[in-house]
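Assemble the complex: chain A is given as a structure, and chain B must be docked to it using the hints.
2 protein chains.
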Amino acid sequence: MLNIATAPLATSLSLAGGIGFIAGGYDTTLSNLETNLHHASQLIKSHPDQSNPACKFYTQTGVLPLGVGFINWGVDRNEALRILRRYRVAAVWLFAPRDGMRDLLGWVNGVRGLYQEEQMDDVDDSKSKSKETTAPQIWIQISSIAETTTALKHLHPDVLVIQGSDAGGHGLARSASLITLLPEVSNLIAEHYTPSTKTVLNEHQPPTLLAAGGLTNGLTLSATLLLGATGGVMGTRFLASHEAHITPGYQNAILRAVDGGVSTVRTTVYDRVRDIKGWPERYDGRGIVNASYLDAVGGMSDEENRRLYVNEMKRGDEGWDWDVDGRGRMTTYAGTGVGLIKEVLGVGEIVRQVWGEVADVKRRVRARL
Amino acid sequence: MLNIATAPLATSLSLAGGIGFIAGGYDTTLSNLETNLHHASQLIKSHPDQSNPACKFYTQTGVLPLGVGFINWGVDRNEALRILRRYRVAAVWLFAPRDGMRDLLGWVNGVRGLYQEEQMDDVDDSKSKSKETTAPQIWIQISSIAETTTALKHLHPDVLVIQGSDAGGHGLARSASLITLLPEVSNLIAEHYTPSTKTVLNEHQPPTLLAAGGLTNGLTLSATLLLGATGGVMGTRFLASHEAHITPGYQNAILRAVDGGVSTVRTTVYDRVRDIKGWPERYDGRGIVNASYLDAVGGMSDEENRRLYVNEMKRGDEGWDWDVDGRGRMTTYAGTGVGLIKEVLGVGEIVRQVWGEVADVKRRVRARL
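As they're listed, the protein sequences go chains A and B.
Residue numbering for the first sequence follows this note's numbering, starting at -18 and increasing by one per position.
Residue numbering for the second sequence follows this note's numbering, starting at -18 and increasing by one per position.
Excised from the complex, chain A in its bound form:
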C-alpha cells in the first residue's frame, strides 16, 4: 500500500484503537517516509481530543503511536535507521528480504539498537524521558513454515504477521491460505514454546501471531482468531476508506469488484508493465484482473504491454475501468476479500464496524454452544 498508507490512514487507525502502519516502501531515497512521519506527528499533536490513548502515548513517550513497514530487498538500511532515529515509532514491520529471512538480522539488530546510545548518554539522568523509550517492536511477515522457523531462530520477532494467499499485493507466489497456514504455524509455536521443552527456537518469548490475507470484516477476523491468531491485519479493506491516499479510479475498482477469487489473480505482470524491478523471484502480487494481465496471458510481450500501460496512464481514473470498457490497464492490487467490501467509510467507522461484527459473532456462537 505504498503511497496509499500515508500519515492520515496510519494515524486514524491508531487513534481508533488499532495500530496503523505507514508504508515505507522499497525505494532508496525514502523521502516520502520522512515527510509522512513528520505529517503523522503533526496529526497526532493537533488531534482535537488529546485524551485519546494514542495522543497520550505520544506525549508521554515521544514515540509515534504507529509503525513503519519496509519492503526490505530495496531499502537503504542506514537511511531507514537514520529516519527512525529522528522519528521514533512503536513498531517496524519487515518483509521481503532479498535472499531469505536471515538477511533481516542486520535490520533487527539495527532497529533494536536504535536508542541504546542515547540511553547511555542519559545514564546520569534516571528520570529522563528517553530512558522510557524502548526500541520499536519487530514485526516480521511470513508466509511459510520455512520462513517462520528461520525468523524464530534468528530474529526473535515480537510479532509474526502470517500472510495467507488471499492477501492483496505482494507475497510468496506459492503459499497456503490462513485456513491451513495459521494452524501449521501455531502448531510449530506450540511445539517449541511449551514450558517443558527447551529448543533453539524458544530462548525468547513466543511472538504474537497476527493474521493477514482476506480479512475484510469481523467474521473473517473471528475465523482467524479461532485458527490461532491473536489479532488480524487488514489492508484491502482500508483502500476503501476516506483516509486512504488513493485515486477515485482505484477506489471505485475496489468497490465494484465481486467474486474475489476470480476477479483477482496472483501474477508478476503488474510489476513488469510498471517496470518495477527487484522483487525476488519467489514473490508475486495479487491484483484485480485487467487488460494488462489478459494481454500477457494472451502472449503479448512485456515491452508492448508496458507501452500500452504507459499510454493508459493518460486516461486518468478511467484507466481503472477494465470491467466497464474492457480497456483498463491501471494496476489495482487487492485481496480476494474485495467482494466483501461495499462502501467507503472512515477508518474509525471501519474499526468500530469490525469490532461490532466480532461481538455479533461472539453472541451468535455463545447462543449455539
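Hints are computed from structural coordinates only; laboratory data are not their basis.
For identical chains, the list gives no copy identity; a pair is met inside one copy or between any two copies.
Once the Cα atoms are required to be at most 25 Å apart in a straight line, the calculated SDA-like pairs of lysine to any residue come out as:
no.: 1; residue 1: LYS323; residue 2: LEU206
no.: 2; residue 1: LYS258; residue 2: LEU275
no.: 3; residue 1: LYS134; residue 2: THR211
no.: 4; residue 1: LYS258; residue 2: SER12
no.: 5; residue 1: LYS343; residue 2: ASN198
no.: 6; residue 1: LYS323; residue 2: ASP304
no.: 7; residue 1: LYS134; residue 2: LEU191
no.: 8; residue 1: LYS343; residue 2: SER167
no.: 9; residue 1: LYS343; residue 2: LEU206
no.: 10; residue 1: LYS258; residue 2: HIS226
no.: 11; residue 1: LYS134; residue 2: ARG263
no.: 12; residue 1: LYS295; residue 2: LEU236
no.: 13; residue 1: LYS258; residue 2: VAL291
no.: 14; residue 1: LYS258; residue 2: GLY280
no.: 15; residue 1: LYS258; residue 2: VAL278
no.: 16; residue 1: LYS134; residue 2: GLY81
no.: 17; residue 1: LYS134; residue 2: LYS323
no.: 18; residue 1: LYS323; residue 2: THR175
no.: 19; residue 1: LYS323; residue 2: THR130
no.: 20; residue 1: LYS343; residue 2: GLY212
no.: 21; residue 1: LYS134; residue 2: THR115
Relative to the frame of chain A, chain B by itself:
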C-alpha cells in the same frame, strides 16, 4: 481421488457417521464405478453390526448410504444414469462441466428423474419399497460466485460444495480460499433466501453449504463452520487412511510433506505429463511439487517431461520420493493442509478424532466467551 476413493473408503466413512463418496471419475466406460458400487453393497450387507444406521438405511430403502462423484466434462451421462438406476445411491456430486454450470442441467434432470418411471409402475402398490425411494441428493461443487449464481438459478442443488483454493487435486485455477469465498457465498444465499425477498434464485429451498479445501482436522472444520458452512468435506486427510486404495509411495509422500503452501502448487503439469486431456482451461490441480513440476518451470518440453514420467513409473514407490532423492516424478495430488497430517489412521478413527477436536474447540471457545 479417482481410484483411491473406492468402496472401502466410502463405506467406512458412511458407517462412521459421515457420508462417503466413490470417485466415479471422468472416463467414458465407468467400469470401475459399477464394480465399486457392487463392492460397496457387499461391504454394507456383510458389515458385522447391522444396527449401524448406514446398514439400516440400506436395508430399509435399498439405497446405498453413500454418494458418487463425477467429473462431468468426461463422463457418458447415459451410461452413468444406467449404473445409478442399477445401484441406487444417496447423493450425486457434480463437478467440472465442460463449458459451465448450465451444462449440468441435463445431469440434474436425469438424476432427479431416475426412479420416477419405476414409481409410476408401482402406483397400485402403495406399500411398495420403491415408493419410498427418493432421487439422490444433488451436490454441486463450486469455487466462485459466478458458478454459485448459475447453480442456484438453474440447478437448485440440495448441497453446494464450496471448494477453496487450498484444496488438493483439480479446481478452478483462479479462486479464493474459504476465508473469503465462504462469506461471499453465504452473503449471496442470505440475500436471496430471506423470507421477505422473492427472486429467481429462491424458488427452492436454500442449499446446504459444505466447505472443502484445507480441512484436515476439527480446528479447520470449526473455522469454516464459523464462516458460514453447515459441514465440511475432507479429501487429502483420507489419503492417509487405511481404507484408501493408495500406494505406499503416495501415502508416505503425504505424511512427509510439511509447509503445505510451499510444498504444493497449483499447476496443469501433472495432467500434461500423464497425458490426461480434456480438462477445461479454467481448471488446474494442486499437487506436491516434484521433479516434473520443476523441470516444466525450467523450460523442459511436455514431451520430454512425459517421457521421463513414463520411465519413472518403473521405480514403483520410489517414484514418489522427490524430497528424498530429488528424482521423484509420480503425481501426488494434495491440498495445502498436508502439513497437518501426521499419521495413517482408520477412517472411523479419523472421523472420531475430528469430532473430538470440534468438541475441544467448542469447550475452548465457551471458556473464552
